[in-house]
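Got chain A sorted already, so can you dock chain B onto it with the hints?
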Amino acid sequence: MTVLAALNGYYDRLADRGEVPPFGYSTERIAHIIVLSPDGEPVEILPWQSLSGKKAEPRPAAVPQSFKRPGTTPRSFFLWDNGKFVLGLGLDKATRQRVAHPANHAAFQELHRRLLAGTEDAGLVALVRFLNAWSTDRFDACGFTDAMLDQNFMFMLDGDRSDAGQLRFLHDRPAARRIWERAVAEGAGDEGICLVTGARQPIARLHPAIKGVMDAQSSGASIVSFNNDAFTSYGKEQGLNAPVSEAAAFGYGAALNALLARGSGNRLVIGDATTVFWADASGGEASARKAEVLFHDLLSPPPAEDADEAQAIRNALLPVSQGRPVREIAPELDERTRFYVLGLSPNIARLSVRFWLEDSFAAIAERVGRHWEDLRIDPAPWRTAPAVWMLLRETAPLGKTENIAPQLAGEVMRAILTGGRYPRSLLAAVITRMRAGDPVNGVKAAICRACLNRDSRLGTKKTEEIPVSLNRDEANPAYRLGRLFAVLEGAQRAALGDVNASIRDRYFGAASATPASVFPMLLRNSNHHLAVLRKGDKPRLGGWFEGEIGQILGGLDSGFPRSLRIEDQGRFAIGYYHQRYSGKAAASTDRPDATEQAVSED
Amino acid sequence: MAYGVKLHVWGDRACFTRPEMKVERVSYDVMTPSAARGILEAVHWKPAIRWVIDAIEVLKPIRFQSIRRNEVGSRVPAVAVRKAMKAGEVQDLRMVAEENRQQRAATLLVDVAYVIHAHFELTERAGPGDSEAKHLSMFNRRAAGGQCFQQPCLGVREFPADFALLEDGAAPVSELPPDQRDRDLGWMLLDIDHTNDMTSLFFWAALRDGVMAVPPLNSVEVRS
Chain A
1 MTVLAALNGY
11 YDRLADRGEV
21 PPFGYSTERI
31 AHIIVLSPDG
41 EPVEILPWQS
51 LSGKKAEPRP
61 AAVPQSFKRP
71 GTTPRSFFLW
81 DNGKFVLGLG
91 LDKATRQRVA
101 HPANHAAFQE
111 LHRRLLAGTE
121 DAGLVALVRF
131 LNAWSTDRFD
141 ACGFTDAMLD
151 QNFMFMLDGD
161 RSDAGQLRFL
171 HDRPAARRIW
181 ERAVAEGAGD
191 EGICLVTGAR
201 QPIARLHPAI
211 KGVMDAQSSG
221 ASIVSFNNDA
231 FTSYGKEQGL
241 NAPVSEAAAF
251 GYGAALNALL
261 ARGSGNRLVI
271 GDATTVFWAD
281 ASGGEASARK
291 AEVLFHDLLS
301 PPPAEDADEA
311 QAIRNALLPV
321 SQGRPVREIA
331 PELDERTRFY
341 VLGLSPNIAR
351 LSVRFWLEDS
361 FAAIAERVGR
371 HWEDLRIDPA
381 PWRTAPAVWM
391 LLRETAPLGK
401 TENIAPQLAG
411 EVMRAILTGG
421 RYPRSLLAAV
431 ITRMRAGDPV
441 NGVKAAICRA
451 CLNRDSRLGT
461 KKTEEIPVSL
471 NRDEANPAYR
481 LGRLFAVLEG
491 AQRAALGDVN
501 ASIRDRYFGA
511 ASATPASVFP
521 MLLRNSNHHL
531 AVLRKGDKPR
541 LGGWFEGEIG
551 QILGGLDSGF
561 PRSLRIEDQG
571 RFAIGYYHQR
581 YSGKAAASTD
591 RPDATEQAVS
601 ED
Chain B
1001 MAYGVKLHVW
1011 GDRACFTRPE
1021 MKVERVSYDV
1031 MTPSAARGIL
1041 EAVHWKPAIR
1051 WVIDAIEVLK
1061 PIRFQSIRRN
1071 EVGSRVPAVA
1081 VRKAMKAGEV
1091 QDLRMVAEEN
1101 RQQRAATLLV
1111 DVAYVIHAHF
1121 ELTERAGPGD
1131 SEAKHLSMFN
1141 RRAAGGQCFQ
1151 QPCLGVREFP
1161 ADFALLEDGA
1171 APVSELPPDQ
1181 RDRDLGWMLL
1191 DIDHTNDMTS
1201 LFFWAALRDG
1211 VMAVPPLNSV
1221 EVRS
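So the sequences go chain by chain: A and B. Taking the working numbering, the leading residue of the first sequence gets 1, the next gets one more, and so forth. Taking the working numbering, the leading residue of the second sequence gets 1001, the next gets one more, and so forth.
One chain only, chain A, in its complex shape:
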């Protein structure tokens, strides 16, 4: 299924649940309601925004559809808009002074005069009277304040209630609905074949704005957009370059906006790719919801406060990592549930599809399990399961998400979800961070192990699988050299205590890239450290270090290699991590760092 067709299917599922506005309406965040008397006088200004929390947040409401407003000609929305259009006043951000916007207000007036001409509905007549009598001088007298400027308003007739007893806005009145539906039908474009449905329908000229993709334009970006000459073909303009019907465009726009809404539970931000995921209801609604929740937890396990909670989460996710059938993971899951994952990346006013995957949920869960299996390293650097953001953070300088390489997040997600090889740049980025001086923690070692294991399993050259925990008999020279480096560092720390620059700070990069030039010197210096230990109060520790060095060097057949390839540098890092943090070595040095700060992505 294509992206747009699958989103349309999801729109139908949402419409069945009543969670999306119907065709011609969209969900917008409104701050205030202007309550009008039948004469058109503004009686009061009710807040629609939610007042809980420190800042008042505008709340969503279903209003006549918003559209993109490019260019300089002001175009107004119907029965709602922001203060510039409704009242003709805005707030200059720099000077905090009121600024008049006569053109915008004139557009608002003109639209409503045209559409509401001849109406007899009490509420709409009140609005017409309000517009006739309004001028910006009446701003303070009618009860508006400066804090309300630059926010969205909608209208209500005083005392108007729906059958259920709730506030009924002007655009919900039946007469207003009829007028709006007629206006939408008249504005329809030429007919053509829609490439989503295959039926002959009016073609959309501009596609809906998708809001909620991290780092995109705040007024919304489009997946389907032809906003420059170079992008059009055969002399066609805008939406005619890719004929999609108005209904299909509205459907996919509403579905995607619902998926991207804050707190929807269907989105994850991974690096620069905002990922949305949903299940279809072919296995039942409960199965679909459970699959969505489980997918979110698989990619980003919930933070655990203490060891018991961590254990509980691990137990819940354990069947996935062992590749169990879906029924064992959760009883509500159905085999037939199809799952869709879409990764979107912003490019100012456009969105690019980084990856698109549709498969059965069982297959996806199995691939995530295989990914965890490839990453497994002992001692485990995570309390529950490896989250994708944790892996990507290790590749970024200073550990900041905005420093993650642009395409890397999308390619890593694609590798995880399709079971393919990890991008080469992932291993290179991790090695670069280690050589730049970032601490070699378990996550970096796990990433190296995962990349190398998958390369050997899926590539042309088969090499031995890298062990999960310390393997003292492992013959690979790069692994042994990593272990040797850890032992030498341990000897230095035991002999000299904490120094300003240990050999790890100074020599890790050089030792992993060109062992032959660094290790002889390190071994020479280690003799001094061992002598200090022997003559001091820890002779047995000194003896143990010597034994380890001897065991490692004994297994190195051909001396120190002149240089190590990048894969071998990865093995070096894994050997270092294993030796330093596992078993007896850990008793004499320090605990492995289990860093897992909870990062909220939504």
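Hints are computed from structural coordinates only; laboratory data are not their basis. Heads up, the beta-carbon is just placed ideally off N, CA and C, and yes, glycines get one too. There's no promise every hint is true.
[Claimed, not checked] In the DSBU-like style, the derived pairs of lysine-lysine whose C-alpha atoms are separated by at most 30 Å in a straight line are:
| hint | chain 1 | residue 1 | chain 2 | residue 2 |
| --- | --- | --- | --- | --- |
| 1 | B | K1022 | A | K211 |
| 2 | B | K1060 | A | K236 |
| 3 | B | K1083 | A | K236 |
| 4 | B | K1086 | A | K236 |
| 5 | A | K236 | B | K1046 |
| 6 | A | K461 | B | K1060 |
| 7 | B | K1086 | A | K68 |
| 8 | A | K93 | A | K211 |
| 9 | A | K461 | A | K400 |
| 10 | A | K236 | A | K68 |
| 11 | B | K1060 | A | K462 |
[Stated by the list, open to error] On the chain B side, residues computed to face chain A include the following (Cβ under 10 Å):
| hint | residue |
| --- | --- |
| 12 | Q1102 |
| 13 | P1172 |
| 14 | F1202 |
What follows is chain B alone, placed relative to chain A:
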């Protein structure tokens, strides 16, 4: 088919751009019939013949990759070119790429291989000396020798295609795994109808046992 040909085509990368995601390119999963026609026309074409694609066979697993490229956002206007032609000088005819920078991402196919099954028909511009056998032997000779008018490409010019003619009976091994052999691919672009105001023609594409059957242009399955 009496005058059918089979051409084995392969390449490192391919991008059969979807019309709806044309700016930030996303490729179709499988070669489009119009791209296949383009490859055949690059090998051999005369106004006397018109290539008709019958089927496209997918030989390798469908894999995607994402890249980002720096491109430009505007076209050199035709008016400026005409002015330069009239004036006879080109100093003012320029487009500076740095001023028009647009960065566009593309999600493309990696490591593709297809077998194109096609035949050709004679058009009304066929002269008395044109016969189907003559053009067929011309095509076979050129394809076997690797001759082409321009390098065939897999969707866009920057991804060249290697080609080899398949004689009767010869069939390359399909590396498509069993779970990817039967898929529904949704509505796919069949071709552009150049005679009818450049409208797009769509058909419902599906892979059956690794082969995508392509309906003829004027068949009832084609929506326009």
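Numbers of the earlier hints that this structure fails to satisfy, in rising order: 2, 7, 9, 13
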